[in-house]
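J.: Protein chains in written order, with our numbering: chain A, 30 to 750; chain V, 30 to 750.
None of these hints come from the bench; they were simulated from the model. One should not assume that every hint holds.
The list treats identical chains as one, so a pair stands whether inside a single copy or across any two.
Distance condition first, Cα-Cα at most 25 Å in a straight line; then the derived BS3-like pairs of lysine-lysine [stated by the list, open to error]: (1) LYS158 <-> LYS503; (2) LYS655 <-> LYS749; (3) LYS172 <-> LYS128; (4) LYS680 <-> LYS599; (5) LYS744 <-> LYS224; (6) LYS76 <-> LYS206; (7) LYS172 <-> LYS524.
Number of protein chains: 2
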Amino acid sequence: MLLLLVCSTPLLAQTWIWYPGDYELWLGNNMNNRRTERGAFFPPFWKMDSHYVLVEFSKKLDLAQPEEIEIAAEGRYNVKLDGKLQFGSPAKLLLPAGKHNLNIKVHNQSTPPTLFVKGTTVNSDATWKVTFEDKEWIDESGKASDTSATVYLDAGCWNFNDPTELPSAYRLPVETKPAATRKHIQGGELIDFGKETFGYITLHALQGSGTVNIYYGESPEEAQDTAYCETLDRLRVHNGVVTDLATSHSRAAQSSYTVEGSKAFRYVYITRSEGANYRTVDMQYEYMPEEYRGSFRCNDEEINRIWDVGAYTMHLTTREFFIDGIKRDRWVWSGDAIQSYLMNYYLFFDNEAVKRTIWLLRGKDPVTSHTNTIMDYTFFWFLSIYDYYMYTGDKHFLTQVYPRMQTLMDYVLGRTNASGMVEGMTGDWVFVDWADGYMDKKGELSFEQVLFCKSLETMSLCARLVNDGEGEHKYNGLATALRAKLEPAFWNEAKKALVHNRVNGAQSEAVTRYANMFAVFFNYLSADKQQAIKHSVLLNDSVMKITTPYMRFYELEALCALGEQDAVMKEMKAYWGGMLREGATSFWEKYNPDDKGAQHLAMYGRPYGKSLCHAWGASPIYLLGKYYLGVRPVREGYKEFSITPVLGGLKWMEGDVPTPGGNIHVYMDARTIKVSAPQGSGYLYFSSKRKPKASVGKVEEVSKGNYRLLVQSGKEIVVKY
Amino acid sequence: MLLLLVCSTPLLAQTWIWYPGDYELWLGNNMNNRRTERGAFFPPFWKMDSHYVLVEFSKKLDLAQPEEIEIAAEGRYNVKLDGKLQFGSPAKLLLPAGKHNLNIKVHNQSTPPTLFVKGTTVNSDATWKVTFEDKEWIDESGKASDTSATVYLDAGCWNFNDPTELPSAYRLPVETKPAATRKHIQGGELIDFGKETFGYITLHALQGSGTVNIYYGESPEEAQDTAYCETLDRLRVHNGVVTDLATSHSRAAQSSYTVEGSKAFRYVYITRSEGANYRTVDMQYEYMPEEYRGSFRCNDEEINRIWDVGAYTMHLTTREFFIDGIKRDRWVWSGDAIQSYLMNYYLFFDNEAVKRTIWLLRGKDPVTSHTNTIMDYTFFWFLSIYDYYMYTGDKHFLTQVYPRMQTLMDYVLGRTNASGMVEGMTGDWVFVDWADGYMDKKGELSFEQVLFCKSLETMSLCARLVNDGEGEHKYNGLATALRAKLEPAFWNEAKKALVHNRVNGAQSEAVTRYANMFAVFFNYLSADKQQAIKHSVLLNDSVMKITTPYMRFYELEALCALGEQDAVMKEMKAYWGGMLREGATSFWEKYNPDDKGAQHLAMYGRPYGKSLCHAWGASPIYLLGKYYLGVRPVREGYKEFSITPVLGGLKWMEGDVPTPGGNIHVYMDARTIKVSAPQGSGYLYFSSKRKPKASVGKVEEVSKGNYRLLVQSGKEIVVKY
C-alpha cells in the first residue's frame with residue numbers, strides 16, 4: 030500500500046514527474062480561468078501563483094550493471110552525470126554500473142518543467158528529489174560548494190505513465206450526448222438536455238451568413254432570459270468560417286462546430302439572425318472519469334434518489350479539482366472543497382483529486398491573504414489535511430505539504446489580537462455562511478476562534494507526525510491557551526449557548542448556530558453543554574435558520590453526532606427532497622423552502638445568480654456513509670475503523686464505504702447486521718434489546734444494551750440482534 | 030525632468046505597461062538561461078522567479094468629453110467600466126464623459142501580462158495602477174467589498190510605444206560584421222574577428238552532407254583547443270537541412286545559416302567532416318544600442334586606450350541587463366552589477382538598464398537565499414539603490430522597490446548572530462573576492478559587517494525618503510548599534526588595521542584589504558586611522574595582493590579618496606596597461622601580472638575558464654570620471670554637484686560626465702580649468718599655488734591654497750590658476 034500512497038504509480042513503472050504542487054497550480058490556474066460571465070473572461074480575485082520555471086531533478090544511482098535510459102522533458106533541459114554536463118539535451122544516456130549521481134535540470138516558463146526517464150531499473154518516479162535552487166556554486170579552483178543547504182522535496186506525479194502523454198496536454202475526456210427535446214419559442218429554439226450537465230454545445234451544419242447566440246440556463250427561465258442569463262456564446266458565421274465573438278477566434282465550420290468554452294446547463298436557448306442556419310444541436314459532455322466506489326441503497330426511494338442526485342452533483346463538480354459549482358464560479362474554494370473531500374471519501378475515494386486541490390488552494394509563499402481571501406477558509410484548509418491523513422493514511426503527502434502549513438499558520442499568527450484571537454482585519458473576508466438575515470462580522474467571532482483552535486490542534490498533530498518536536502510544542506501551547514479562552518469568552522449560561530461574537534471584550538447577545546455546532550463535533554464542550562446546545566440552538570427554531578446546504582452539512586453532522594439520526598433523516602427528506610420536488614437534477618448552492626418559483630433561481634442580486642449544481646449540496650453522501658452506514662477511520666488510512674450503523678427510521682439499508690484497501694460493506698435491517706472489511710480491523714458498535722449473536726467473533730456488551738464486536742478483515746460477519 | 034524619471038516615456042504618449050519588475054524578471058530569466066557550456070544548457074543555480082500571471086490594470090478617469098480608446102494586451106483580458114464587465118475582450122471601447130473607473134485584467138502564463146491603451150487623453154502609462162490580487166469579493170446581495178486592502182503599485186514600462194511593438198517580442202539588434210582574417214590550421218580553419226565580440230556566427234553556402242563544428246575562443250589557444258574550449262556548436266547538414274545537434278532543431282539551409290545561440294569570441298575554429306562544405310564566415314554582432322554620453326581624453330595615449338577598451342568592455346557587457354562576462358556566465362551578479370551601474374553613470378547614463386537589473390537581482394518574495402546566493406552581493410544590492418537615487422534623483426523607483434528592500438533586509442536580520450553580526454550560515458556563499466591565496470571565510474568577517482552596516486544606513490535613508498518613519502527609526506538604530514561595534518571588534522592598534530575576521534569572539538591575526546578600503550570610503554574611521562590604513566594596508570605589499578579588477582575597483586577608489594590620484598594613475602597604466610600589452614581588446618575577469626602566456630586564460634581549474642571580457646574590468650571609466658574629472662552628485666540627480674578635477678600626473682585632460690539634464694564638461698591643464706554644467710549648481714574645488722581667476726563668479730579660498738567656485742548651470746566658466 031505504501032507505494033500507492035507515495036504516488037499513484039508503483040515504483041519501477043516510470044511516470045512523468047515535477048516539483049510537487051507545481052503542476053497542480055498550473056492546471057488549477059487554467060481551470061479557475063475558464064470562468065466567464067456573459068462572454069467576458071472572469072478570473073479569480075486572489076493571487077494566482079506559478080510553477081518554478083527551473084527545476085532540478087536528481088537521483089542517486091547504484092547500478093548492478095550498465096543501462097541505457099531514455100529521457101524526455103517538457104522544457105529545455107540539461108543532464109549531469111556525476112557532475113559532468115552532457116552535450117546538448119540527450120534523449121538517451123548510457124549509465125555505467127556502480128554508484129552515480131544523475132541530475133537533470135528542466136526550464137519551462139509556459140508550462141511546468143516535467144521529466145520522464147525510462148530505463149531498466151532507473152525510472153522517473155516519486156523517489157526522485159527535486160529542488161528549485163541547487164545553490165551549487167564553485168570556488169576559484171572549480172570545486173563545488175558542499176554547504177548548499179538546498180531544500181529537496183520528493184517529486185510530484187499523477188498518472189502520466191507514457192512518454193507521449195505530456196502532462197501539459199492533459200484534458201478531461203468528452204462524450205457526445207444528444208438533446209432530450211427541442212422546441213421553437215419566440216423566434217428561438219429552447220433545447221433541453223434532460224438534466225443538469227456540463228460541456229460544449231455542438232451545432233451541426235452551421236452555415237450561411239449571420240450571427241448565432243447561445244444562451245445557457247440551469248433553468249428554462251434562465252436560458253430564455255437573453256438579457257440576464259449568466260453565460261452565453263455569440264458566434265458569427267460567414268463564408269464557412271465561424272468566429273467566436275468573445276475571443277475573436279475563427280475556425281472553418283466543418284460539418285459541425287463545437288463552441289470553445291465549456292458551460293454548465295440543462296437548457297440552451299439559441300437565436301440566430303436571418304441568414305445563419307444550423308440543423309441540430311448536441312453536446313460534448315466533459316467529465317472526470319471516476320469510479321463510484323461508495324454506494325447506498327435503502328427501502329426509501331426518496332433517500333435513494335437523494336443519494337443518486339448527490340453523487341451526480343459530486344461527479345459534475347469533481348473536475349480537474351473539486352470546484353464549488355459548475356455554472357458560475359467554477360473556482361476552487363477551500364470551504365467548499367473540504368466538504369467535497371469528505372463526500373469523496375464516501376464516494377470516489379479519489380486521493381489524487383484531494384491532494385491536487387489542497388496544493389492549489391495553498392498556492393505559494395508569500396501568503397498575501399487568507400485562502401480565497403476568506404478567514405474561515407484558511408482554517409478549513411488546515412482541517413482538510415488531517416482529514417485526508419485519517420482517511421488515507423498518506424503521511425508522505427503530509428510531509429511534503431507541511432512547510433506550507435507552517436507558513437500559512439505564520440500568516441494567521443501574525444494577525445492575532447492581544448487576546449490571541451483572530452478578528453477580521455482590512456482585507457480579510459469573514460464569511461461564515463450566506464445567511465438570510467443580518468450576521469455581525471465584527472470583533473472576535475466564536476465560529477472563527479473554534480476553527481482557529483482546531484487548526485492549531487491540527488498543526489500540533491501534523492508537527493508530531495513529521496517529527497517537528499519544536500513545532501508540536503509551540504502549536505500545542507497555542508491551541509491549549511486558545512481552547513481555555515473559548516468558554517470564558519463566548520459561553521452564555523443563561524442562553525445555554527456560545528454567543529456569536531465578542532466586540533471590544535463584550536459578549537454580544539446574538540446566538541447563531543455555527544460555533545455551537547462545531548463545538549459539538551470538535552467535542553469542545555462538556556457532554557451536558559452539548560446536550561443543552563441541541564435544544565437551545567440546534568433544534569431551536571428561533572435561532573436564525575441555515576439556508577445553505579453548506580452549513581446544513583455541519584448542522585446535520587452535529588445532530589448525528591448527538592444521536593439524532595431519526596430527526597436528520599426527516600430533515601434530509603424535507604430539505605433535499607424539497608429540492609427534488611422543485612425539479613432539481615443536481616443539488617443547489619442555497620435552498621430556502623419558503624421561496625417560490627423563480628425566487629429559487631436568484632442570488633447575489635441577480636435573477637439567475639444561484640448555482641443549481643453546487644458541491645456543498647451533496648452532503649447526504651457523507652451523512653449517509655458516516656452516520657447511517659456508520660463507517661469511519663479510527664486510525665489513519667482505516668488501519669483501524671469503526672462501524673456504527675444506525676437505521677434512523679429506515680427499514681433496511683445497505684452500502685459500501687471505500688478504504689485504501691477496498692470497500693467496507695454494511696447491511697442492516699431491524700434484526701440483522703452484515704459487515705465485511707477488506708483490510709485492518711475495528712469494532713462494530715450497535716444497540717440491541719436482546720442478546721445478539723454473531724457468525725464470527727464474540728460480542729461484548731459495553732454498557733446496558735450497547736454492544737461491540739471486533740471485525741477482522743476477511744469474510745463477512747452476520748449479526749443477529 | 031520628473032516625467033523622464035517616472036518612466037522613459039512622457040505622459041499622454043501611450044506605452045506598453047506591466048506589473049513593475051515582472052517584465053524585467055521574465056526578460057532576465059530568458060537572458061540568464063542563454064548560458065551554455067560546451068553545448069549544454071547551463072541555467073543559474075539560484076531561484077528564478079516568475080511574473081504574476083494575472084494582473085489588474087486600473088485608472089480613474091475624469092473626461093471632459095467622451096472618447097474612444099483602443100486596447101491591446103499580451104494575454105487574455107477583460108474590461109470593466111465602472112464595475113461592469115464588457116462583452117468579450119473589446120479592442121475598442123467608448124468612454125463616456127465624466128468620472129469613471131476603468132479596470133482591465135490580463136492573464137498570461139508564458140509571458141508577462143502587458144497592456145496598451147491608446148485614446149485621446151486616456152493612454153496606458155506609468156500613472157496606471159496595478160495589482161496581482163484585487164480581493165474584490167461580493168456579498169450575497171452582489172455588493173463588492175470595500176475593505177479589500179489591496180496593494181497597488183504604479184505600472185512598469187520601458188519604451189515600447191507602439192501597439193505592434195510587443196514587449197515579449199523584444200530582441201537586441203544585430204549587425205553583420207566580417208571576419209578580419211581566416212587561415213587553415215590542422216584540417217580546420219581559424220577565423221579572427223579582430224577583437225572581442227558577441228553574436229551569432231553565419232556560415233555561407235553551407236551544404237553537402239556531414240558535420241560542422243564551431244569552436245569559440247576569446248584567445249586563439251581556446252578556439253583551437255577543441256577538447257577544452259568553453260563554448261561550441263555542432264551542426265549536421267544533410268539534404269539542405271541543418272540540424273543543431275545540441276538542441277536538435279532543424280532548419281533549411283538557405284544561402285546562409287546563422288547559428289541559434291549567441292556566443293562571445295574573438296576567434297572561431299571550424300572543422301568539418303569530409304562531405305560538408307561552407308564558403309565564407311561572418312557574424313551577426315548583437316548589441317544594446319547605447320549613446321556614449323561620457324567621454325575622456327588626455328595627453329596620455331595609453332590612458333585614452335584604457336578608457337576606450339573599458340568603454341567597449343562596458344558596452345559588450347551591457348545587454349538586456351548588466352551581466353558579468355559575455356563568454357561564460359552571461360548572468361546578472363549583484364557585485365558585478367553595482368560596478369556596472371557606477372561605470373554606467375559615467376558612460377551611458379542608461380537608467381532603465383540599472384532599474385531592470387535591480388529588479389531582476391531582487392526577484393520576488395519569499396527570499397530563499399542571498400542575492401545570487403552570496404552574502405556580500407545582498408549588501409551590494411542595497412547599496413546600489415541609494416547610488417541610483419543619488420545619480421538619477423529617481424525617487425519614484427525607490428518607492429516602488431522599497432517593499433522588496435524591506436523583505437530582503439528581513440531575511441538578513443533573520444540570520445544575524447547574538448552580536449547582531451552576520452556570519453556565513455549553511456547555504457550562504459561568503460565570496461569577498463577571488464584571491465590568489467587562502468582567505469578565511471569563517472566567523473564574522475569585518476568586510477561583511479562593514480557592508481551590512483552600510484546596508485542598514487541605506488535602509489534608513491530610503492525609509493526616510495518613502496516616509497516610513499518607523500522603518501527609519503528601526504534601521505537607524507540597528508545601523509548605529511552595528512557601527513559602534515566595528516572598531517572594538519576588528520581594529521587592531523598594533524597592525525593599524527581592521528583585521529579580516531573574528532571567530533568565536535577572538536580577533537584573527539589576518540589583515541586583508543577589503544574591509545579597510547571600504548571603511549575608508551564609507552568614512553567609518555577617523556582621518557588618522559584612514560591615513561594609517563593607507564600605509565599599513567593599501568600601500569603595504571605584504572598584505573595579500575588583489576588580482577581581480579573587481580576589488581581593484583574599490584582599492585583604487587579608496588586610494589583616490591585619500592588623494593592618491595598620482596599613484597592610482599601609475600597603477601592604472603601598470604595594471605590595465607598590462608592587459609593591453611598582453612593583447613587585450615576588452616578587460617578581464619582577473620589579471621595577475623606574474624602569470625605568463627596561457628596562464629592568463631585559466632581559471633576555476635579550467636584552461637580557458639577565465640572571462641576575457643568582464644564588466645568589472647572596466648573600472649577606469651568610473652575612476653577617471655569621478656576622481657580625475659572629479660564630477661559627482663552632492664544632492665540627488667545632480668541637483669547639486671561637485672567638480673574636483675585632479676590631473677594625477679597628466680598634462681591635460683578633458684571629458685564629459687552625464688547627468689539627468691545633460692553633460693557636465695570639464696577641461697583641465699596645469700594652468701586652466703574649464704567647466705560647464707547643464708543643470709543644477711555646485712562647487713568647483715581645486716588647489717592653486719597662486720591666486721586663481723574665474724571668468725564668471727567669485728573664487729573663495731576655503732583653506733590655504735584650496736579654493737572653491739560656485740558653478741551655476743549655463744555657460745562655460747574658465748578658471749586660470
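J.: A separate judgement is required for each hint: does it hold in the structure or not?
T.: Cross-check of the supplied hints:
In this assembly of identical chains, LYS158 and LYS503 lie within 25 Å of each other by CA distance neither inside one copy nor across copies; the values are 29 Å within and 41 Å between. Only within a single protomer do LYS655 and LYS749 lie at most 25 Å apart by alpha-carbon distance; the minimum there is 22 Å, versus 99 Å between protomers. Proximity of LYS172 and LYS128 under a CA criterion of 25 Å is satisfied intra-copy only: 20 Å inside one chain copy versus 64 Å between copies. Taking the shortest Cα distances, LYS680 and LYS599 sit within 25 Å of each other inside one copy (14 Å), while across copies they are farther apart (105 Å).
In this assembly of identical chains, the alpha carbons of LYS744 and LYS224 never lie at most 25 Å apart, being 40 Å within a copy and 85 Å across copies at closest. In this homomeric assembly, LYS76 and LYS206 never come within 25 Å of each other (Cα to Cα): the closest approach is 37 Å inside a single copy and 48 Å across copies. With identical chains, the CA atoms of LYS172 and LYS524 are never at most 25 Å apart, being 73 Å at best within one copy and 33 Å at best between copies.
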